[in-house]
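J.: Chains W and R are the protein sequences, given in the same order.
Residue 133 in numbering that gives the first Met the number 0 is what sits at position 134 of the first sequence, and the numbering runs on without skipping anything.
Residue 89 in numbering that gives the first Met the number 0 is what sits at position 90 of the second sequence, and the numbering runs on without skipping anything.
These aren't lab readings, by the way, just hints derived from the structure by calculation.
There's no promise every hint is true.
It does not matter which identical chain is used: a pair holds within one copy or between any two.
Said to hold, decoys possible - With a straight-line Cα cutoff of 25 Å, these simulated SDA-like cross-link-like pairs (lysine to any residue) come out:
1) Lys39 / Glu26
2) Lys39 / Pro70
3) Lys39 / Gly13
4) Lys39 / His72
5) Lys39 / Leu22
6) Lys39 / Gly83
7) Lys39 / Pro115
8) Lys39 / Arg51
Number of protein chains: 2
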Amino acid sequence: MNARGRHLLVEYTGCDADVLDDLERIEGLMNEAAREAGAKIVASVFQPFVPRGVTGVVVIEESHLSIHTWPEHRYPAVDVFTCGNCLPERAHEVLARGLRAQRFEIMHVDRGLGVPGRMIQVRSHLTESRAELARSVS
Amino acid sequence: MNARGRHLLVEYTGCDADVLDDLERIEGLMNEAAREAGAKIVASVFQPFVPRGVTGVVVIEESHLSIHTWPEHRYPAVDVFTCGNCLPERAHEVLARGLRAQRFEIMHVDRGLGVPGRMIQVRSHLTESRAELARSVS
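Using the sequences provided together with the hints, build the complete structure.
T.: See below:
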C-alpha cells in the first residue's frame, strides 16, 4: 500500500483571540475547511474548552479535522487528516484566513506507508508568516 | 507557554482484521483507551469507513482520540492528543492489546511549545514488536 493518509499538523500563532473563543464561528470555519478540502462531512462535534476556548472535531468520510484553541495565547492546534483525493492544504488556507493567523507552522506527515517500522514519515515541516502566506494562496 | 499538548501518532500493524472491522468493538476500545489515559469523554462519534473498516473520534475535555482502520491491511492509524495531566501512553497500551497488534510505530509530538516557528517538535519516533511491547507494558 502507498500512503493511506495525509496528515497536516498545523499550529497558528498571532490569531484573533475573539475568533478562537467563538464556538459557532470556529465550528463554521472548520466545516468550511472540510468542504474546501473536498471532504464529505459526517459529523461535527464542538465544545467549550476548559478554562477558555473551543475544542472540536469534524468527522469526514475521508478521516477527520480537529481543533483545540487557546485564545489567551492567540493559538490553536489543528489537525487535518485526509485519505483519497482530498486536498488538506485547502483546509489550511481557509483556516489561516479565518483565524487571522500572523504565522503558521505546518508539519506534513504521511501515514500508512505500508512498510512495518516505517509507516509514518514527515514529508515537510515549514513555518511561514502572513506575508508569505498571502503570496502562497493568491 | 510550555507544551500545551502531547500528541501520539500511532500506526499498528498485523492487527486482528475482524476487530478492525467491528464498529462497536472499536468504539468500545477507544473509549476505554480515553478513560485509561485519565481523560473525560464528552462525545464519541464512530462510522463505517468506506469501503471497509471504521472511522471515529472520541472528543475528550483534554482534546481528542481518533482512529481510522483498514482491515484489509490489518492496519489502523491512531492519534491520541491530550493536554493537562493525561497519560496518552496508557491509551496506546489499551489499543495495542485490544487490536492484537503485532507491531507498532509511534511518533510522540509536542504541540504548542510557545516559540513561533518552533511550535511543533518530534520528541521521539519508535518502532516496537509485540514481544517488546509485552515487556514494556508488563
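J.: For the identical chains here, do Lys39 and Gly83 meet the 25 Å Cα criterion within one copy, between copies, both, or neither?
T.: within (12 Å within a copy, 32 Å between copies)
J.: Tell me, please, which holds for Lys39 and Leu22 at an alpha-carbon limit of 25 Å: within, between, both or neither?
T.: Classified as both; 21 Å inside a copy, 20 Å across copies.
J.: Check Lys39 against Gly13 for me: Cα-Cα at most 25 Å, and say if that holds within a copy, between copies, both or neither.
T.: neither (30 Å within a copy, 29 Å between copies)
J.: Is it within a copy, between copies, both, or neither that the alpha carbon of Lys39 lies no farther than 25 Å from that of Pro115?
T.: neither (30 Å within a copy, 32 Å between copies)
J.: Give the relationship of Lys39 and Pro70 under a CA distance limit of 25 Å: within one copy only, between copies only, both, or neither.
T.: between (29 Å within a copy, 22 Å between copies)
J.: Under a CA distance limit of 25 Å, which applies to Lys39 and Arg51: within one copy, between copies, both, or neither?
T.: between (29 Å within a copy, 16 Å between copies)
J.: Please work out whether the CA atoms of Lys39 and His72 approach to 25 Å or closer within one copy, between two copies, in both situations, or in neither?
T.: Close across copies (24 Å), not inside one copy (31 Å); limit 25 Å.
J.: At most 25 Å between alpha carbons: which applies to Lys39 and Glu26, within, between, both or neither?
T.: Classified as both; 15 Å inside a copy, 21 Å across copies.
The structure does not agree with the numbered hints 3, 7 stated previously, though it agrees with the rest.
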